[in-house]
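Peer 1: Single-letter residue listing:
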Amino acid sequence: MNHFRRIVVLGLMAATALALCLPAAAQNKKSRMENVGGNFFARYNYEVETVGVGTEGTKSLKVWAYGKKVDEAVMMAKKLAVAACIYRGLPASTYALATPALYPDPQEEWEDYFEDFFEDGGPYLNYVNLTSDGDPSGQDRLKMKGGYKVGVYVQVLYDRLRKDLEAKGVIKSMDSWF
Amino acid sequence: MKKHILALMALLISLSLGAQMKMKKPTIMVVPADVWCNENGYMTSYDDMGTTRWVPDYKVALQSNSEIRSAIASIGNIMADYSFPLKNLEAELRRLQKEEAELSVTTSKDSFAMLAESPVDRLRRTAQCDILIDISYRKILYGPTSQIVFNITAIDAYSSMEVAACPPVQTEAVDAPIEILLDRAVQDVKATFATKIEEYFKDTYNKGRNARILLKRWEDAFVDFESEVTYSGKEAELGEVIQVWMNDHCVDGQYNLVNATGNTLDFNPARIPVRGTNLAGKEVPIDAAGFVRPLAKWLKNEYGIESKVLPKGLGEAWLVIGGK
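From first to last, the protein sequence lines stand for chains A and B. Residue numbering for the first sequence follows our numbering, beginning at 1 and increasing consecutively. Residue numbering for the second sequence follows our numbering, beginning at 1001 and increasing consecutively.
Accuracy of the hints is not assured; some may be wrong.
As the list claims (entries may be wrong) - Within a straight-line C-alpha distance of at most 20 Å, the following computed EDC-like cross-link-like pairs (lysine to aspartate or glutamate) qualify:
#, chain 1, residue 1, chain 2, residue 2
1, A, K163, B, E1198
2, A, K69, A, D140
3, B, K1202, A, D175
4, B, K1202, A, D105
5, B, K1022, A, D175
6, B, K1202, A, E166
7, A, K168, B, D1081
8, A, K172, B, D1203
Said to hold, decoys possible - So, partial list: chain A residues that the calculated Cβ filter (under 8 Å) puts toward chain B:
#, residue
9, T99
10, Y158
11, D159
12, V170
13, D175
14, W177
15, F178
Said to hold, decoys possible - Here are the simulated distance ranges between beta carbons:
#, chain 1, residue 1, chain 2, residue 2, range
16, A, E109, B, S1083, 19 to 25 Å
17, B, L1115, A, T55, 48 to 54 Å
18, B, K1202, A, D116, 25 to 31 Å
To be clear, the hints were calculated from the coordinates, so they are not data collected in a lab. Think of the CB as a built atom: it goes at the ideal place given N, C-alpha and C, for glycine as much as any other residue.
Could you build the full structure based on these sequences and the hints that come with them?
Peer 2: What follows is the structure, given as structure tokens:
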């Protein structure tokens, strides 16, 4: 009888453990999906600084990003610079006023579009230029546990990005109200 | 049940049609701020019944100051870039001058009669727009370093409400022309400024246009706004009844009555819808006059009061009761 009771208790414990683990596993899977999803950058904690008034519709920024290797971190910095212009806007600095986000309210319908947009080597590269030569060095290259944190100077073609997002229908143009 | 479904369908259709409908496009013009004109000596005076009034002399300012011209051109460029070309102040002044000259020499071939023009027509022949972008800047020179502090504000020409404004922008450079510094300042404010203007358009679209609706009476009118009339079987002043109409027709019943006397009712601002129906019953974008015309019709049908609608622009209309 005792043996039977032990089996029942163990069974219940196993079922409880399974019940607790399944949602967690599902949640992890969901998080992973979100991380690779197009709107992942909307929730990113940006380290972006406006370093000057860009000319001809550009924005001059310094962006910090992480990566296992320096070149991976630099690529991530480029993505973050474009993503900051789209989702978060750029903070004010002593050199320039704040810049509002182009698309502050991400909608699910454009999730796939931005997923493709931000994939490695994706269209986001059309809107960003590195303005510093070579890999970051000195204080702009920090060795961390498991990789690097780098700070790079970039130029984002803000106006071109806005116009292309308007043309795609992601955001409304000023003229569209009339 | 069937009735409910039909009503729901009608609502959905009207909503979808509404979503596709556009509103009337406002004209925007960039002008030097009064303070800038005053500081730089571009003011002109005129005699207003014994009182000397000073007003900005835009024509002289644009003809003699290349810096302000370049700042206006820079803002024109950015608005064109946002698919919203501006009305050019200089071109508008030139057009008015040309029109003035043409009007003064145009005569009838048969009778040599001049064109008919009332004092009101003459008064209205001025540079007009719906939104004014006011700009000013101050130059500070430290040896070879030039510095400017630039200000920009957009104002609704009718309700005088601020449409968009940016904090003052300071730019400086060594040995740089002021025009370059002004362009840099404009580049700096452009995204923020354009976004605020766009938010204003969105607000207007969703919550109605901020308009000024001014009601006056001819001095020989048989009624005034304090005359007693009957509304739904109750005695009330005409002004009160008109307020009920405004409440029914403004978006969410929003209006602000700033002046109410026997001779005047001044609604400023009133949130008027951006769409209405035309004579053919078709839904079209409307301006303030398009909003007021049904009121004129209602006053005539309900109380036999004739009135005249005077359109003053996209966001302002006057209604004078007591005759045409």
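Peer 1: Now tell me, hint by hint, if it's right for this structure.
Peer 2: Now the hints, each set against the structure:
no.: 1; hint: A:K163 to B:E1198; in the structure: holds (15 Å)
no.: 2; hint: A:K69 to A:D140; in the structure: holds (14 Å)
no.: 3; hint: B:K1202 to A:D175; in the structure: holds (11 Å)
no.: 4; hint: B:K1202 to A:D105; in the structure: holds (15 Å)
no.: 5; hint: B:K1022 to A:D175; in the structure: holds (10 Å)
no.: 6; hint: B:K1202 to A:E166; in the structure: holds (16 Å)
no.: 7; hint: A:K168 to B:D1081; in the structure: holds (17 Å)
no.: 8; hint: A:K172 to B:D1203; in the structure: holds (14 Å)
no.: 9; hint: T99; in the structure: holds (5 Å)
no.: 10; hint: Y158; in the structure: holds (7 Å)
no.: 11; hint: D159; in the structure: holds (7 Å)
no.: 12; hint: V170; in the structure: violated (15 Å)
no.: 13; hint: D175; in the structure: holds (4 Å)
no.: 14; hint: W177; in the structure: holds (5 Å)
no.: 15; hint: F178; in the structure: holds (4 Å)
no.: 16; hint: A:E109 to B:S1083: 19 to 25 Å; in the structure: holds (23 Å)
no.: 17; hint: B:L1115 to A:T55: 48 to 54 Å; in the structure: holds (50 Å)
no.: 18; hint: B:K1202 to A:D116: 25 to 31 Å; in the structure: holds (28 Å)
Figure legend: structure checked against the earlier numbered hints; the only hint not met is number 12.
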